[in-house]
Each structure stands twice: as C-alpha cells, then as structure tokens.
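Undergrad: One letter stands for each residue in the lines below.
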Amino acid sequence: MTRVAVVGSGLAGFTAYQTLRRAFEPGEIAVFGTDADPAAAWRVRAAAIRQREMRSESDGHCLPTSFPGLAFSSIRRRRSVRPLVESVLDRYHPSVDEFLSHVARLRARSGWDESLVPRRVERVRAVDDGFDLDGDCFRHVLLALGHPGLNVPEELRDDPRAVHSYEPHDYAPTVTVVGAGLAAATEWLNALAAGAEVVSVRRREPVRRPLNVPRQYFSRRGLAGYHRLPQRERVERLRTLSTASFPAGARWDEPLELAAREGRFRVEQSVNGSEQVICATGFRRGFGQDPLLGRLVAEHELETADEWLVLDSDSTVPVLSDTTRTLAVAGAPAQWAFPAADTLAGARYVAHRFLRRIQACRTR
Amino acid sequence: MSYTLRGRIESRLAALVPVLLAACALAGALHRWWPVELVALMAVVGIALDLEVWHRLLPYQPAWAMLPIGALELGALMAIVYGFGLHAPLWPAVALFGAGWLAAVLFGQAGFPLLRLGYAEDGGELGRLGGVAAAAVVLAFAGSAATYVVRLPPVVHLSAGIHQGPLVITRREVLQGEPGAVVRGGIVVAHDDVAIRNVTVVGGENGITVDGVRGTTIDGVTVSGAKLDGIHVRLAGVVIRNCTVDMLGNRLGQGIDISFNMNLGMSMVEGCTVVGGQEGITTHSSMTDIMDNRVSRTTGEAIAVDEMSMGMASHNIVRDALGVALYCSDRSMCMFEHNTVVATRSDAASGLRTRGGIAVLANFQSEVDLWQNRLVGNPVAMGATTNSILRTTSRRRW
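From first to last, the protein sequence lines stand for chains A and B. The first sequence: position 259 = 259 (the numbering used here), numbered continuously. The second sequence: position 367 = 367 (the numbering used here), numbered continuously.
Since the hints were made in silico from the structure, they are not lab data.
Cβ-Cβ distance ranges computed for the label pairs, FRET-style:
hint, chain 1, residue 1, chain 2, residue 2, range
1, B, 131, A, 231, 29 to 35 Å
2, B, 141, A, 53, 47 to 53 Å
3, A, 209, B, 75, 30 to 36 Å
4, B, 72, A, 273, 58 to 64 Å
Some residues of chain B that are not near chain A, with every Cβ distance over 10 Å (derived):
hint, residue
5, 68
6, 70
7, 140
Positions of the beta carbon are idealized from the N, C-alpha and C atoms, including for glycine.
Construct all of the structure, not just a fragment, from the sequences and the given hints.
TA: See below:
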C-alpha cells in the first residue's frame with residue numbers, strides 16, 4: 001500500500017525520494033509530478049545562463065548521504081585524484097554535465113519512474129488519518145513544489161527588450177543585466193564573452209561567498225541559533241541570508257576588471273538604453289505565489305511570517321503534523337526551517353527529517 | 001563541516017574506539033601500558049582542544065584542516081609524553097597517533113556520513129551512536145584501569161629487624177622494607193617485574209642477585225658485606241636507583257655488575273653510592289646508563305663499560321680510584337660526559353702503565369666520546385691503547 005507521497009517531481013522531490021528509498025520500496029512511494037525527468041526544469045535554466053559548473057561542492061548531489069560525493073565519481077571518470085584534492089580544499093565544483101549524469105544514473109537505478117504519478121496536484125487537504133491529494137489519501141506527504149515562477153521586476157514586465165536569465169536567449173551588442181547574484185554574474189561573463197557591452201544594474205553591491213548562505217547554516221551549528229530566533233528577528237535574518245551573492249575569485253573578477261578597463265562593463269543605478277535587458281532576478285518568492293501552498297495556508301489557517309510559511313525546525317507544518325501523520329515542505333518554501341532550503345543540501349536536510357518523522361510514527 | 005561542540009566530541013570519541021581497542025590489544029601483547037596511556041592522552045588532549053580552541057576558532061572546518069590540526073595535536077601529545085616522562089617509544093607512539101588520526105579522517109569524512117543520514121547537517125552529532133561510543137570509550141578506559149589495578153603486584157612489607165636470607169623472590173611482587181629492615185644472607189630475584197625498596201642487605205654470596213628476569217627495579221637499598229658482588233645482574237633488565245653499596249675489604253668483587261643483557265634494552269644505574277670493591281660499577285655486553293653516582297676507593301676500575309657494551313656514564317663523581325677511574329674496554333662504545341674524576345691513584349704494584357692512575361682509559365678497540373668532564377688531580381688524564389679512540393664531542397656516535 002502506498003503510504004508516502006511526494007508532491008513535485010523536481011530535484012527537491014527527487015532528492016527526498018532517494019532518502020525515502022532507504023526505508024520504502026518504489027511501490028510504497030507516490031511521486032506526483034508532470035515531468036519524469038527530475039532535472040527537466042533545472043536543465044533548461046542552467047542551459048539558459050550557459051552554466052557549466054555547479055556552485056555547490058562535492059556533496060551537492062541527490063544521494064541520501066553526503067558521502068560519497070560527486071568528487072569520488074569524478075575521480076573514476078577523469079582518472080585523476082585532482083577532484084578529491086580540490087574537494088579537500090573546498091575548491092571542487094562538479095560540472096553541470098557530471099551532475100546531470102548523476103541524476104540520470106540515480107533515476108535509472110532507484111525506481112523513480114515506477115513511483116511517478118504523472119499528475120499535477122492542485123489541492124492538499126488535511127483529513128482524519130492523513131492528507132487528501134485530489135482524492136488520494138496519504139498519511140505522510142512532502143510538498144516539494146519547486147519555485148513558483150520567474151521573477152521579473154514590475155517595471156520591465158511589458159518591456160519588449162526584457163528577457164529573464166533563465167529563459168533561452170542570445171546576447172545583443174549592448175546588454176543590461178539586472179541583479180547581483182550568481183545568475184547575474186554568470187550573465188555578465190557570458191555577454192562579455194559574446195562581445196557585448198554590459199551594464200550591471202543592481203540595488204546593492206553583491207555579497208561574495210562560496211555558497212548561498214554562510215557554511216554554518218548548513219549544519220546544526222548555525223541552525224540551532226537560527227531556530228531559537230524570535231519570529232521578527234528570524235524574518236530579518238532570512239532577508240539578510242537571501243541577499244544575492246556569488247563566489248569570490250579571479251575567475252569572476254579578472255574578466256570584469258579587464259572589461260571595465262576596456263569600457264565594456266560598468267555599473268549603473270537604472271536600466272538605460274541597452275538593446276537587451278536580462279533580468280537575473282531569480283524567482284518569485286513567498287508561499288502566496290504558489291497556488292497550492294496559498295490555498296493550503298488559507299484553508300487550514302496556517303501560521304505565516306511575512307512571506308514565509310512558519311514551519312517546525314524539521315520542516316514540518318506544525319498544526320498538521322503529529323505522531324500519526326506528517327506534512328513537510330521542501331525547496332524554497334522550507335526556508336523557515338533551513339535557510340538554504342532551495343539547495344540540494346537543503347533538500348537532503350528536509351528529506352532526512354521527513355524520513356525520521358515517518359519512522360517515528362506509531363501508525364507507520 | 002560545521003561541527004557543534006557535541007558533534008565534535010562525539011565524532012572524536014567514536015573514531016577513537018577502534019584505536020583504543022587496538023591499543024588494548026597491543027598493551028596485552030607487549031605487556032606494557034603505554035599504548036593505552038597514549039590513547040587516553042590522545043582523548044584528553046583532543047577534547048581539551050575541542051573545548052577550548054577548535055570549537056571557538058573553527059565555525060566551519062574544511063577537510064584540509066585535519067592536517068594542521070593533527071600536527072598540532074601530535075605536537076601537544078608528544079610534549080606531554082616527554083614532559084611528564086611517560087615511557088612510550090617515539091616511533092610506535094607516532095604510529096599509534098597516526099592510526100588514530102587516520103581513523104578520525106576516514107570516519108569523519110566517510111564512515112559516519114554513511115552510518116548516519118543526517119551526520120553533516122547534525123554538525124557531527126551521532127545521536128545514540130555518540131552515546132554508545134562515549135560509553136565504549138569510558139568502559140575501555142575503566143576496564144584498562146581496573147586491569148592495571150588488579151595486576152599491580154602485591155606489596156610485601158618487610159618489618160624492621162633482621163630477616164635471615166637468602167630471600168628468594170619467585171613471584172611478581174614489591175618487597176617494601178620498613179625502616180630498619182635487614183636481610184642477612186642476600187636476596188635472589190627469580191621472577192619478572194619485582195621491585196625491591198628500602199631494604200638493607202648484609203652478607204650473602206652476592207648482596208642482590210638478579211638473573212634471567214625482566215623488569216626488576218631496585219630502589220633505595222643498602223648492600224654491604226657481600227662475598228662476591230654487591231648487586232649482581234645477569235641476563236636481566238634492571239633499574240637501580242638510590243642505592244648504597246659498601247664493598248670495602250672485598251678486593252675482587254664488584255659493587256654493581258650488570259652483564260649480558262644487551263638484548264633486553266636499556267638498564268640504568270642512577271643515584272648510587274659505591275665504595276670499595278674491584279670495580280665500582282661495571283657492565284659487560286650491556287646497554288646501561290650510569291648517571292649521578294658516586295664511586296670511590298675501588299681497586300680495579302671505578303666505572304667500567306666492558307666487552308662490547310654500549311653505555312653512557314654521565315654526571316658521576318669518582319674519587320680515589322686505584323689504577324683507572326673511567327674505563328671503556330674491549331670493543332665497547334662509550335659516552336662519558338659531565339663526570340668529575342678526582343685523585344685517581346697510580347697502581348704501582350701492578351707494574352702496568354695502563355694502571356698508572358688514569359682518569360679515562362680506552363682499551364682494546366674501544367671508542368670513547370668525551371664531553372665536559374672534570375678531571376682533577378689525576379696522574380694521567382686520558383689514555384688509549386690497542387687501536388682505541390678518544391674524541392671530544394657532544395654527540396655520541398652510536
């Protein structure tokens with residue numbers, strides 16, 4: 001009998017599925033989604049910004065355990081210990097191709113396709129012994145809904161020059177890139193490499209750090225203090241941590257400095273007369289942007305804080321999870337529990353705790 | 001990895017478990033406690049640094065940091081080992097530490113993440129496994145301590161008064177003399193790991209005989225009136241400290257004679273006073289350190305390192321020896337340093353030039369390294385015969 005459901009067949013759902021497979025057979029897990037390829041949406045976005053290398057490190061993968069990381073499989077493939085040495089020095093970043101191969105291998109061997117139910121779930125409703133997903137009932141449900149859509153600034157929505165960085169595009173001779181995160185930085189370099197003159201429009205100077213959030217927020221070391229914060233301070237902390245950032249290093253700085261000296265790269269405060277405007281402005285944020293989550297919150301009067309859904313530290317929805325049933329959230333909407341929830345490490349964090357809850361459930 | 005303090009300590013203790021078990025096995029095989037002591041010290045040093053340094057200094061610990069952390073902990077460990085005089089051999093101790101370090105790296109990077117799903121995000125905390133590991137470590141150390149206590153040799157108190165010997169010790173024990181305890185007729189040590197403390201021995205063939213056993217400690221004994229040697233050691237490893245040996249009137253016996261134990265490691269004679277006898281302290285085919293002793297009025301050689309021995313004599317005071325004071329002979333290799341030799345007398349009756357009151361004599365293909373000895377009032381300061389070498393150096397060549 002199917003007991004566990006994952007709503008969403010993207011990378012967060014896929015990562016959770018790999019963890020759930022430690023305890024369940026494919027026939028015991030239902031994954032609701034519209035695309036059988038868990039990397040389908042991500043692949044398009046990575047291709048759009050010509051991303052060749054992951055920001056994540058060796059443990060940025062979909063396996064349930066952090067070891068062995070992608071550096072290990074890279075050793076075999078490249079026949080070199082360099083990936084391991086780089087990993088020890090925190091300088092290893094898997095290539096996009098390596099990551100996609102990893103996803104494909106896992107998909108093939110984990111029974112993912114067997115568990116997939118090709119259907120979009122429109123509504124999740126708490127019932128006596130679990131949750132109703134458009135007519136199907138499950139005791140334990142993980143919502144891995146993905147990003148609710150691309151964020152385009154209001155003033156550029158009707159501008160014919162505007163394209164979102166995650167949509168397929170080429171580069172005009174003059175390009176304005178709006179944003180200051182990894183996608184923006186990647187687009188600066190892409191456009192410069194394509195011979196364009198680039199203007200960076202940003203509200204603040206970009207934060208330079210290796211990962212999306214400071215490293216201690218990936219473990220209990222930083223999370224314990226974060227979870228203890230009062231609601232208002234937690235919202236402020238999340239806002240700070242959500243600031244756009246990209247890694248430090250000559251790989252980014254040198255081409256920009258060279259282009260600036262040549263007069264091909266400059267920073268401005270507003271969009272000017274460029275032929276093309278690329279919005280590297282990420283995704284729409286907040287539970288209200290997702291129809292399913294918005295409806296869930298409204299129908300069950302769930303607690304929220306600003307744009308975030310309030311969750312327990314294990315990423316479960318407090319009033320809807322108890323010793324007999326579990327409703328957990330993964331991906332960006334789980335930031336209340338894990339600030340880097342929209343990363344693979346975040347997906348693994350939620351998956352581990354979801355499985356722990358299921359295993360502790362007395363009616364499992 | 002961003003360790004929590006608890007995670008750091010749990011991971012350290014859990015990784016230490018196999019090393020501790022190996023150390024226990026090694027201790028059992030060697031009949032020595034240093035492996036267990038060393039691992040206990042590794043745990044203490046590591047946890048102390050975790051509490052006071054690493055946790056504060058490293059909110060995030062990259063994998064490469066294991067190298068400098070390991071080197072620093074090894075340095076601290078060895079400083080304590082040598083600072084406090086724990087008797088752990090250098091390279092085996094380094095190898096044991098290396099095994100512990102490697103275990104910590106392998107468990108931390110691979111083993112624990114595989115064993116526990118949320119290891120990384122839990123900051124290295126191991127949940128129940130952490131508790132079990134801590135309990136296992138405590139249990140192993142407690143078991144080792146209990147074994148140590150249970151295996152302590154029984155202490156036999158020798159009451160004040162005269163006890164008729166010869167006293168033959170045939171089991172592992174500590175013979176502890178009360179003030180005024182005297183054994184007449186000598187003591188024979190016939191078992192490993194015997195300690196003799198604060199006993200006066202009068203008479204006997206030898207005052208104390210140690211033959212064919214290991215781990216004998218003789219501390220604070222007084223020997224007089226022996227027919228042959230004061231303390232006679234054959235094929236045995238000994239440590240002799242703070243003894244007094246009176247051989248006056250015995251022209252042929254040796255005060256302390258340690259022979260034929262080259263294969264048993266280092267022996268030691270330290271802080272003893274030897275008066276009279278043919279040779280005060282002598283070694284044959286032995287590796288013995290002779291330190292801080294006072295030897296006087298001998299009729300042969302005061303301190304002799306003989307018959308292919310390798311030995312150091314340092315900080316000894318030799319007075320009024322007849323013939324030769326410090327003697328290195330018969331293909332032996334000797335280091336004589338910081339000794340004081342005063343008023344050696346010429347043995348004119350022997351008719352031998354080699355007994356002409358020589359402070360330091362190297363004889364028959366022997367090599368002597370000398371460093372900062374005080375040679376005062378001796379007819380001949382130094383001599384070398386039959387292809388022997390005397391050289392001044394602060395470094396021993398062997």
